[in-house]
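Trainee: The primary structure of each chain is shown beneath.
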Amino acid sequence: MAVEFRKDLFADERDDDLNEIGQPIIRQDILGHVTGRSPFYDDHLYDGLLFMRCVRSPHHHARIRSVDAAAAERMPGVIRLIRPQDVPVNLNTLLSLISFGRDDEPLLAEHRVAYKGEPVMAIIATSDRAALDAVARVRVDYEELPHVLDVEDALKPEAPVVNETYPNNTFDYHDRYDHQKLRFGDVEAAFAQADHIVEGEYQMSPIEQAPIETCGAIAAPETNDRYVCHTSTQALFFSLGTTAKLLDMPSSRLHFIGGTVGGGFGGKVDSHHEPMAVLGAMLTGKPVKYMWDRAEEMQVGAPRGGERWRLKDGVMRDGRIIARAFTGFFDAGAYTRLSSYAVQKATGHLPGPYMIPNVASNVYCVYTNRTPSTAMRGFGITAVDFAIECHMDKAAETVGMDPIELRILNAYRDGDMKAHRRAAKNCALIESCQVVAQKSGWPLSAEAMAQSSLFGGGIGERGVIPETVTDQAGQIGERKRSGLAPEPFAGATARGHVPAGTATDHPATGNAPQREDMEIEAERLGFKVTRGASAPGQTPASPMPQPQPAATVAPAAPRPGAGPAMPPAYTAPAPASQQPVAPPASTRPQPTPPTPPAAPAPAPAAEPYKPEQPFQRGVKRPGVSRFISGSRRR
Amino acid sequence: MPSVATYATLAEAASAMTPTSRFLAGGTLVMRDVNYGDQGFDRIVRVPDPALKAITPDSGRISIGAGVTMAGILASRDLDFLWPAARAVGGPAIRSMATVGGNLFAPHPYGDLTTALLALDGVVHLSDSGQVPLDQFLVNRAGLVRSVSVIRPAGDAFRFHKVSRVKPKGASVLTIAAWLNRSAGRLSNVRIAYGAFAATPVRVTAVERALEGASLDQAGIAPALQAATDGLAPVDDALASGWYRAEIAPVYLRRVLLGEVR
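If you read the protein sequences in the order shown, they are chains A and B.
Under our numbering, the first residue of the first sequence carries the number 1, and numbering increases by one thereafter.
Under our numbering, the first residue of the second sequence carries the number 1001, and numbering increases by one thereafter.
Honestly, the hints are just simulated from the structure, not real lab data.
There is no bait here: all hints are sound.
Derived, one-sided and incomplete: chain B residues facing chain A with beta-carbon distance under 10 angstroms:
(1) Met1001
(2) Pro1002
(3) Val1034
(4) Asn1035
(5) Tyr1036
(6) Gly1037
(7) Asp1038
(8) Gln1039
(9) Ala1238
Please read all numbers here as calculations on a predicted model, not as lab measurements.
Ideal Cβ positions, reconstructed from N, Cα and C, are used throughout, including at glycine.
Using the sequences and the accompanying hints, generate a full structural model.
Mentor: Written out as structure tokens, the structure is:
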């Protein structure tokens, strides 16, 4: 079917001189794929290649009393066992490379297993089958522990502790809360005014990425004390950095070769095989392959996490949604991996592409005794979008309105203030709805067809941050003691009020907008600008969107020069605030990884390798924000 | 790593079987277990005897050697009534190796051919010349199989349908085989079997009873549809829940009985 381009829409905002988009192109790697010549990591068959397999936990949760590998060691073909003590730094969290979260996951579990399939030992042998036969002869004495598999059960006071680094079964946000808060406006007051309250719960299952080539890596000693690693990773340098950390070696000794992933979809970023294979090559001096079989890929390969979302809308008779509250639970499984980030990504996405003046959310990254979950195609967004769009239909049904018209009525328009305190731009939901309706023969009213993302946005209250009610409920550990309900404002004894248009240091209502090494698009900030200057979008209030150009395209504040100085448009929060202040996570020193109890003290090695400078995000390109790719429409 | 022992005849092989031996026919199940390091067996026994590949018509019945492959069935005009069932197994590579005997041992949700054989009054001939009805054989699935004999259905009396989510190579969510024997225009001694519904392919005796003497039309089969899952315990697996299987069984049974399957 031919692609139809609607170049009539937003034509003045786009240069139509693109070389790739809209042009038929040949994928750069397709010739190799269709002729069977693309080299994948598994094609690097070294002479004398050794094979690694793991001993895995048969339990969801258990203490390891002892491991007897004597019989395995005597098996024919067995070259070397790898025990947890053989891993130089046996505790890591993937996002430590960007200083987010505490190290919480061992490469090989030593004292405790927290999910079915967690590796406790690896065996290297001359053939895959010999390694499997040896694995079957390892006797692990487990003491089974109570386990928890449901996110809300895991929040209950009586729930077993899944991850000792996070004993409340939730990731710690901003060193204060057991969830990521979002507060925008006053949902409680708006619910009281609403004509209808629409509630719904939506549950999404974990999804395995199921690549054609299962995850794996082949590592071999190279000259000059280096190791080469052929890998299926999706994130070559991320895997390299993780390997350098776990194996306590400078990354200059690692030569990683990737490029052909064999199907990834997010399932090949967890960097488990690369350190294992390189460690095997280090300990044996031989090339070693570590590859999951299909059953392992399905059982222990990290999937998209399961998510549960509860939505509560305050809806007026005319279809306007005036308040929306979310309670979200991300099932991280036993370890953090990337789920902590998914929660923040989801929170930034709320309340969906709709102009809702009062929004609150509590989103939890919850540990359960399930397979750790990780990235997959828009993780953090797809599930809550599913929930939001189901809920929009439910709201439309409640007020007896056409579901597409309800979306057009509530859609963001250019200049509207989003709940995460940036003005919306490049909005296109209204146009998308109109085209979809047209193409599917769905009748829309003339009024709905006349709407546009280009006008009506950012006018009056639509363009500013409302006065916002805050709360302090859900401090780290509080829920475990009191069994607090997870919903926004549940159990809150006091309310804080943040005046309209201001920022505070409160993690739920926006902080210093971006890191100091980032450039700020001052014209999109929702925070009050420097005294004397007029705030963006402060045009006289008008109840209905009017067909006039949005007044938000205010001239941008002068770009800040290089360096960490804040642009004049940003007012730093007053030092004395109504909230207790915690140091921002980025500048706080990382807590030392907890020492596993009763661990035999390893020989005091030389000072572990530390990079001279912490890992830095972003790239420098003149005139382009390092992180905000806001140049789709100008 | 398992050792491999080859014997000239099935009888010799049968006497040489040990608790940790597995008989290898086409290898589509056994070699998978070898590759996955199955510790349950350390010896592979095989019999390259061409007699196991014989297809022998015998009055109203036909005997199919245990070593006949799915491709062998598809190449035999005498077995044309089994073509839909043979074609429902795997892809071309699997069909060129997978055997009739092996299919009798295939774990859930496999065993589409066995479901067809069950509806065709299959009788299993064992290596010691003993024979046992297929439904009884499936209870324990023990012994080395020489051949399976089935009736040769007349006209359109035999119906087969496999429900799968992925076509054409998906594993079964439900397989229905029906031998609709008629006597004086009325159904008589019919045999109905479900595959991928319970732990093994099973006969659905409640449906068979409900169809006795019935006419093959909407009204005639109504009691049978009511009884579509009576006495059966549908299983959960990754492809479908037991609840789902029970819900779709009467729908597909109706389509099979009335010839509505497209």
